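Asks: Modelling step: build the complete structure from the supplied sequences, incorporating the hints.
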Amino acid sequence: MTADALRPANLEEPRQLGEAEKRDLVAALRAILPGDALLIDDEALRPYECDGLAAYRRKPLLVALPETVEQVQEILRTCAARDVPVVARGAGTGLSGGAFPLSNGVLLVMARFNKILEIDADNRVAQVQPGVRNLAITEAAVPLGLYYAPDPSSQIACSIGGNVAENAGGVHCLKYGLTVHNIQQVKMVTMDGELVTIGAQSLDAPGFDLLALVTGSEGMLGVIVEVTVKLLPKPERAQALLAAFSTVEQAGDAVAAIIASGVIPAGLEMMDNPAIRAAEDFVKAGYPVEAEAILLCEIDGTDAEVSEDIMRVRELLLAQGATEVRTAKDEAERLRFWAGRKAAFPAVGRISPDYYCMDGTIPRKNLGAVLRHINELSDEFGLKVANVFHAGDGNLHPLILYDSATPGELDKAEDLGGRILELCVEYGGTVTGEHGVGIEKLNQMCSQFDAAELTQFHAVKAAFDPAGLLNPGKAVPTLHRCAEFGAMHVHHGQLPHPELPRF
Amino acid sequence: MADQDLTQELCERVRVAAKSGTPLCIRGGGTKDFYGRQCAATDVLDVGSHRGILSYEPTELVLTARCGTPLREVRAALAEKGQQLPFEPPAFGDEATLGGVVAAGLAGPRRAFAGGVRDSLLGVRLLNGRGEALQFGGQVMKNVAGYDLSRLSAGAMGTLGVLLELSVKVLPKPAFERTVVFALDEEAALERMKALARSPLVITATAHDGESLYVRACGGERALEAAEQALGGDPLPESETFWQSVREQTHGFFAGELPLWRLSVPPATPALHLGPSFIEWSGAQRWVFSDAPAETIHTAASAHGGHATLFRGHDGAVEVFQPLPEKLMQIHRNVKQAIDPVGSFNPGRMYSEF
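First to last, the protein sequences are chains L and A.
Per UniProt numbering, the very first residue in the first sequence carries number 1; after that it's consecutive.
Per UniProt numbering, the very first residue in the second sequence carries number 1; after that it's consecutive.
In case anyone wonders, no lab produced these hints; they're calculated from the structure.
Treat the numbers as computed from the prediction; the structure is a model and nothing was measured.
Heads up, the beta-carbon is just placed ideally off N, CA and C, and yes, glycines get one too.
A couple of the hints might just be wrong.
Ranges between beta-carbon positions, derived for each pair [what the hints assert, rightly or not]:
hint	chain 1	residue 1	chain 2	residue 2	range
1	L	R350	A	A175	52 to 58 Å
2	L	P235	A	Q249	31 to 37 Å
3	L	E324	A	V181	44 to 50 Å
Calculated cross-link-like contacts (lysine-lysine; reagent style DSBU-like; alpha-carbon spacing at most 30 Å) [as the list claims (entries may be wrong)]:
hint	chain 1	residue 1	chain 2	residue 2
4	A	K327	L	K175
5	L	K284	L	K329
6	A	K194	L	K115
7	A	K327	L	K234
8	L	K230	A	K173
9	L	K175	A	K173
10	A	K327	L	K187
11	A	K19	L	K230
12	A	K327	L	K230
13	A	K194	L	K187
Simulated coverage check for chain A against chain L, where a stretch passes if three residues somewhere in it have a Cβ under 8 Å from a Cβ of chain L [unchecked claim]:
hint	stretch
14	70-76
15	198-205
Replies: If you want it as structure tokens, here you go:
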């Protein structure tokens, strides 16, 4: 991505702090944090300009790196008293700009909360700080025969606090669920500096299911300072199949057939021809490059279970018209099957100067129709699209290829991405399956939700953060924005529920 | 009773009630009237007639139905296609509805192995206190757009609104199930459950009735043979009947006279000795008959990181759910206010505060 392609874009700029206000804020934060935990110099702030959505950059007012819960509480109290907004951030691997900083706000970097506090094998849970990397939890649990199931592609780098904030997914979601299904408790600091425990060490907690509400709330309701995750027994065996198809529709039908047969694979991924070719050129996984689509199917469980299911799925795939079905003969081959899928994004990065990764979910039965529509849109916009996706749960990741050095191409890629997400909504799906809304999909939220629903979201946000200081401007668009986007018709300036404050 | 769509009528009733400040008691089949506190409203909002399965395609693993759809109808539709509700909800009566199942948030024997009600909930159409029918979540497996107000509604006892329509994730019913029994006392059973929960076997339920430990395994024929070999124990011939009696509390244990408490604790919690107890969910759910003061039971549960609910045998006027810390209660009041601003729905059903 070239620097001239970067723009703060059409995002609303928040109220700027005066010099005196800024001096007062810095002095107050210095009293809370040690010298190296407060960054205010231009150069020190630059690495924090963006998260994984690198097309958008904005320098935060300042960066705070707390290492205790008390410091987080004090920082939030200090900011609340001064009406200063706060954006919390983990490893910064999010792809939707959920941790995009504010030029008048504090960026609260949780990287120093990096300890695994306890692994309780008998209760199959781990208590961890939010800055712990997703994969580090599994690495620590494996010697006890346990693991943490959600595995976003970024698991080597992304932090569990960010996973909770985004309700992150991954390859194993169909069988093992999203983050929300795999955590039991969070400790969270609200904007007024209070520490609350949500969920419990037991399987359920009294009262509303606030744990579900907080998971995926994109840092808008509180700052997570501790997470209790569930651990699962490591399956005895995992076995993978690779099937090639001459049409994507056939591959889609095969997905439905597997599920109808009663088998729930641990992973069920599809790649289309452009993605297969890119991956094969890159990692030489031995993929059939002539195939229009391949399916990767992994079955896990006990030895007997896997043997039984693998045979069944193999026969099904052949019956569904697969031109070739390979069963990984050993662990090395299983890993090779996956290597291409896992490297699909960087592989596409090699064949195009830039790519833009989208994230929508559709009912599986519409796979063929949606892919056909995406192809038509690709022709209309003159930009190639490679498709890699979690076929088992209908979560698409179209990769839009473009060149940011060509004037106007980024805009075109974003417009095409937006159209694809709207297509997902038209087919009964959603604008985000696992990456979150952030700043990226604010406009498309206007397609999925109507004014009353968005107003309800804002009211729930206000229940936690009445002044709207936590991560403002993310996840839920203002009605004003939707009106401008054109998805909402406002007659004579009359909005629904004029009595409610607009955020 | 024929399927019918009462969305407009229900919205209108709620708008009128909100305007006049008349609170409503939401009622479907009425099979869970015993659960929770008594609703402080006298006007009943009958949602039992708002019924019908709206969509169900086995290959999508999703069923969408109106709230008043009888649970038995949902079960029958799923069984016909070899599928089931993964959380095995108790019905507690023939009139149980899908809306009531989700609002009560109660799960059966499979809960520790397949997740609870909220884990299977994909989306709801929620009628809020302003009389608006709002869609949250949807019919797809992965959806992280907006706040998760659908799962928030699971177990909220109708205090956040009427769950007009519900989309739930369903799963294939395993081809076979077998149960084996071990004569073990409570301590030994808890130890065994702890070990089994860490094994990769295809176990889908465990229970201890005071004398014996019951372990259910489900799956394909070969997987079950392997599990049976690894487990040992004596085969229980009427596996399905037994687990149904646990789920519906028709098992002999539940015939006690004293107040029945449900304790939700970390599974490895040792035996609590609070009274006659029935253990499920690998140790994570303990049913206890006791007339000890609520505080004693609450303290025992919270000492181990859990909580306790007075499940049956109360007059509906006492607090039945474990009290919340003040800040958490404040958040509850705020959330309730955000969705049901004038307090129309089920006042007092969950806590006396709202």
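Asks: If a hint holds in the structure, say so; if it does not, say that too.
Replies: Verification of the supplied hints:
1. R350/L <-> A175/A: 52 to 58 Å: The hint (52 to 58 Å, Cβ to Cβ) is violated, given that R350/L and A175/A are roughly 45 Å apart.
2. P235/L <-> Q249/A: 31 to 37 Å: Given range 31 to 37 Å: holds, Cβ gap about 33 Å.
3. E324/L <-> V181/A: 44 to 50 Å: holds, 48 Å
4. K327/A <-> K175/L: violated, 36 Å
5. K284/L <-> K329/L: Measuring from Cα to Cα gives roughly 17 Å; hence the hint holds.
6. K194/A <-> K115/L: Holds: K194/A and K115/L sit about 26 Å apart, inside 30 Å.
7. K327/A <-> K234/L: Measuring from Cα to Cα gives roughly 38 Å; hence the hint is violated.
8. K230/L <-> K173/A: Distance ~24 Å between K230/L and K173/A Cα, so the pair holds.
9. K175/L <-> K173/A: Between K175/L and K173/A the Cα gap is close to 14 Å, so the pair holds against 30 Å.
10. K327/A <-> K187/L: holds, 13 Å
11. K19/A <-> K230/L: violated, 45 Å
12. K327/A <-> K230/L: holds, 26 Å
13. K194/A <-> K187/L: holds, 26 Å
14. 70-76: violated (count 0)
15. 198-205: holds (count 5)
When held up to the earlier numbered hints, the structure conflicts with 1, 4, 7, 11 and 14 and fits the remainder.
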